[in-house]
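**Student:** With chain A held as given, fit chain B onto it using these hints.
Top to bottom, those sequences are chains A and B. Position one of the first sequence corresponds to residue 145 (the working numbering), numbered consecutively onward. Position one of the second sequence corresponds to residue 469 (the working numbering), numbered consecutively onward.
It cannot be assumed that every hint is accurate.
To be verified - When the alpha-carbon atoms are kept at most 27 Å apart in a straight line, the in silico BS3-like pairs for lysine-lysine are as follows:
| no. | chain 1 | residue 1 | chain 2 | residue 2 |
| --- | --- | --- | --- | --- |
| 1 | A | K186 | B | K717 |
| 2 | B | K658 | B | K775 |
| 3 | B | K775 | B | K717 |
| 4 | B | K643 | B | K483 |
| 5 | B | K471 | B | K726 |
| 6 | B | K471 | A | K389 |
| 7 | A | K186 | B | K726 |
| 8 | B | K643 | B | K658 |
| 9 | B | K726 | B | K775 |
To be verified - Here are a few chain B residues that face chain A, going by a calculated C-beta distance under 10 Å:
| no. | residue |
| --- | --- |
| 10 | D525 |
| 11 | M531 |
| 12 | R572 |
| 13 | G593 |
| 14 | V720 |
| 15 | R723 |
| 16 | D727 |
As the list claims (entries may be wrong) - Where chain A lies over chain B, by a calculated footprint (3+ residues, C-beta under 8 Å):
| no. | segment |
| --- | --- |
| 17 | 541-551 |
| 18 | 701-709 |
By construction, these hints were calculated from the structure, which means they are not laboratory data. Cβ coordinates follow ideal geometry from the N, Cα and C atoms, glycine included.
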Amino acid sequence: MTREIAVVAFAQTDHRQSMAELSEVEMLMPVLHEVLDRTGLKTADIDFTCSGSSDYLAGRAFSFTLALDGVGAWPPISESHVEMDGAWALYEAWVKLRTGDADTALVYSYGKSTPGPLRDVLTRQLDPYYVAPLWPDSVALAALQAQALIDAGDTDEPALAAVGARSRGADSAGQGDYVVRPLRTGDCPPVGDGAAAVILAAGERARELCERPAWIRGIDHRIEAHALGVRDLTDSPSTRLAAEKAGLFQQPVDTAELHAPFSSQEVVLRKALGLDDSVRVNPSGGALVANPVMAAGLIRVGEAAARIHRGESDRALAHATSGPCLQQNLVAVLEGDAR
Amino acid sequence: MSKEPVAVVGIGQTKHVAARRDVSIAGLVREAARRALDDAELDWADVDAVVIGKAPDFFEGVMMPELYLADALGAVGKPMLRVHTAGSVGGSTALVAASLVAARVHGTVLTLAFEKQSESNAMWGLSLPIPFQQPLLAGAGGFFAPHVRAYMRRSGAPDTVGSLVAFKDRRNALKNPYAHLHEHDITLDKVQASPMLWDPIRYSETCPSSDGACAMVLTDRAGAARAPRPPAWMHGGAMRSEPTLFAGKDCVSPRAGKDCAADVYRQAGISDPRREIDAVEMYVPFSWYEPMWLENLGFADEGEGWKLTEAGVTELDGDLPVDMSGGVLSTNPIGASGMIRFAEAALQVRGQAGAHQVDGARRVLGHAYGGGSQFFSMWLVGSEPPG
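Okay, chain A solo, but in the shape it has when bound (with noise of 0.2 Å):
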């Protein structure tokens, strides 16, 4: 018998274009106490912190050490981080929850993708031999795998700017320019700072803090090949093979939040997860409306457990994504109790 585990809480910052005026620990801080507070539990009372973040992001090694005294770990506390989207976290969270050493967990992560120019520092996540030193950037990668979707007969540019439309709640002429041929700039995520966090509980505990848990049914995630040269760009096998590990075939989904930084990518998620027109895709607006780099990821399972908890969703699927066009993908499959 396996243990129960939900999302209870969840909170994230009113993302903005720049919070330059706000260090990491001061964007932080304000989540980790809503997050906190929607619960009623104190730092003291949580079994089980793990964080997600990126040094590269922030310009100076180990900067996630800071981001712990804004936690107050003290007395001390089980701690851990991962230096990947704060999905990875709260992955993390869950298996140690499932090995009962811990009843509550605290997730965060965030990311200030402004200091630096996202586009040249996400070049430097490639192979440092053969690609990085051509300083592909994330934007002309995405529009090579945008191009072979539309080679390929998969969508067109109208269907992209649809997309990106459906997305920000506007209409699709405003789409702007090219950044990169074929997408243009409604097809790309803004660049912008956010946090977020998430508190998981197992079992009753659950119950006690959270009137309408969102309980995890399944959750996995799988990494694919990375050089772009060896993967069919216009699909996504790990996405397909988390969410079969995850269980999302074995009943339909109401809703999905979809981490797909591009247009063009929630058309690849789409086909791998078998969505069609009856699955609320990205209500919130997805990445294409809030992309903070670590933390868009987990704001899709804080979003999808949201809806849950609000009786706005049964069962949602929450996915987050890592590296160039999609390299690594993970699924969770939420639901709420009956009603």
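**Tutor:** Chain B only, in chain A's frame:
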């Protein structure tokens, strides 16, 4: 709810050196991983998930290198997690991998930690720009030297203790074919005559900068039953963190370290660590941290740790051997250093430690710490399955 017992069935590491110019980062990690799989007599297809750790990405200049390393570690199509908890990361990485097995999420997990420090300069990688850090606080030694001085004042230890530790660890390293520093002509006089770097820390009392990787194969009870060589069994594991700097912090003996050890001992059913633990592989990047951690980990009363060192208790043939492998003082690929401590503890209880084997080692503690003595990870492994 009972946890699945976790067994270490494969251990592999590279020969640690100042610069591995013959291999890429991918080549380096694959070498250690392949050796761990060979030790377990398993292949890439037998691995369900990969958990990788290293210290700051700035050391190699690759952001989130797990993305690029997925292919080299046979992770394509599998879950891959990347842990980063500063200097304690190698230990934390092993613990995250172990929790995947303990929670019965996966049966067999490959875990690996590495650093290829020759790709950059660790000294300056650790020297943060003003205003994040005070001027003249260059490198880790500048941060830790005042805490060593505080320990000397507090305990009344004679100023020779640090050199005894360094002399012992460098001699132990001569018995470890994978250790970075093999100083065949080492003498106590040479250690004591080496230049003062950060008073009271001398050159020969500091760790080197190494390239290297360490890997382990962790598995469940069924996997252990199939293992070709004796497994090491995990009896307890824990992580603890506290803030970097605050008025109540004891930098000489941080409470997070004490709490972490206490949690491990509780899980392992240990009430008297000095009597019940046979050897300790601890994270000693500057020699004085041996007596300091002996106290922090409960092997000696406060102010008494240096007496164990001085009496030879921590020698390889002593009553409580410490850093049998030669320790961080002899080998320091930072991101891997914690995992090497964990792996050495497992090697010892498997009876596979070769010339640096402690006779009859049945329960051994592996220890790592990081940041400003604020992150701790430890595990206790045994030759018998947990009771």
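**Student:** Taking only the CA atoms, is the gap from K471 of chain B to K726 of chain B under or equal to 27 Å?
**Tutor:** holds, 24 Å
**Student:** Do the alpha carbons of K186 of chain A and K717 of chain B lie within 27 Å of each other, as the hint requires?
**Tutor:** holds, 21 Å
**Student:** Quick check on D727 of chain B please, does its C-beta sit within 10 Å of some C-beta on chain A?
**Tutor:** Holds, because the Cβ-Cβ distance from D727 of chain B to chain A comes to roughly 5 Å (cut-off 10 Å).
**Student:** Does the alpha-carbon distance linking K643 of chain B and K658 of chain B stay inside the 27 Å limit?
**Tutor:** Since the Cα atoms of K643 of chain B and K658 of chain B sit roughly 20 Å apart, the hinted pair holds (cutoff 27 Å).
**Student:** Decide if the proposed pair is consistent with the structure: K658 of chain B and K775 of chain B, CA atoms, cutoff 27 Å inclusive.
**Tutor:** holds, 22 Å
**Student:** Taking the closest Cβ pair, is D525 of chain B under 10 Å from chain A?
**Tutor:** holds, 5 Å
**Student:** Minimum Cβ distance from R723 of chain B to chain A below 10 Å?
**Tutor:** holds, 6 Å
**Student:** Below or equal to 27 Å on CA atoms is what counts here, so check K471 of chain B against K389 of chain A.
**Tutor:** Distance of about 21 Å is within 27 Å: holds.
**Student:** Would the stated hint for R572 of chain B survive a check requiring a Cβ distance to chain A of less than 10 Å?
**Tutor:** Because about 8 Å separates R572 of chain B from the closest Cβ in chain A, which is inside the 10 Å limit, the hint holds.
**Student:** Would you settle whether the hint for G593 of chain B is holds or violated, based on the nearest Cβ-Cβ distance to chain A being less than 10 Å?
**Tutor:** With Cβ-Cβ at 6 Å, under 10 Å, it holds.
**Student:** Holds or violated: K775 of chain B and K717 of chain B, Cα atoms, limit 27 Å.
**Tutor:** Roughly 25 Å between the alpha carbons, so the hint for K775 of chain B and K717 of chain B holds.
**Student:** Please work out if K643 of chain B and K483 of chain B have their alpha carbons no farther apart than 27 Å.
**Tutor:** holds, 13 Å
In terms of the numbered hints stated before, the structure departs from hint 14 and from no other.
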